[in-house]
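**Q** Sequence:
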Amino acid sequence: MELLWSRQKKSKPPKYDPSLYWAYINLGKLASLHDSKRSGLVGWERLWEGWFMLQTILEGYRLAQYLDL
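Letter 40 of the sequence shown, counting from 1, is numbered 38 in this note's numbering, and no numbers are missing.
The hints are simulated quantities; they were obtained by calculation from the structure and are not laboratory data.
Incorrect hints may have been included.
[Unchecked claim] What follows is a set of in silico ranges between Cβ atoms, one per label pair, in the way DEER data are often shown:
1) Y64 - K35: 22 to 28 Å
2) G38 - M(-1): 17 to 23 Å
3) Y64 - R36: 16 to 22 Å
4) D66 - G41: 18 to 24 Å
5) L65 - K35: 17 to 23 Å
6) K10 - E43: 28 to 34 Å
7) E57 - K35: 15 to 21 Å
Quick reminder that beta carbons are idealized off the backbone N, C-alpha and C, glycines included.
All chains should be built: construct the whole structure from the sequences, respecting the hints.
**A** Rendered as structure tokens:
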């Protein structure tokens, strides 16, 4: 959650845990969700793309830590 928060909000994570709905919407936004129909729902394809992108960012973060960059 902290990585997703830092990526989306560009700030330190809050002391409280964000809601599951917040994570759901922001995974969609990570995959360029625009919610043009104003339904507030993220399709499973966008959710999967967002999850994959978050995993890629996490892998890059871990690699940078390992390489001591």
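**Q** Could you tell me which of the hints above the structure violates, numbers in ascending order?
**A** 1, 3, 4, 5, 7
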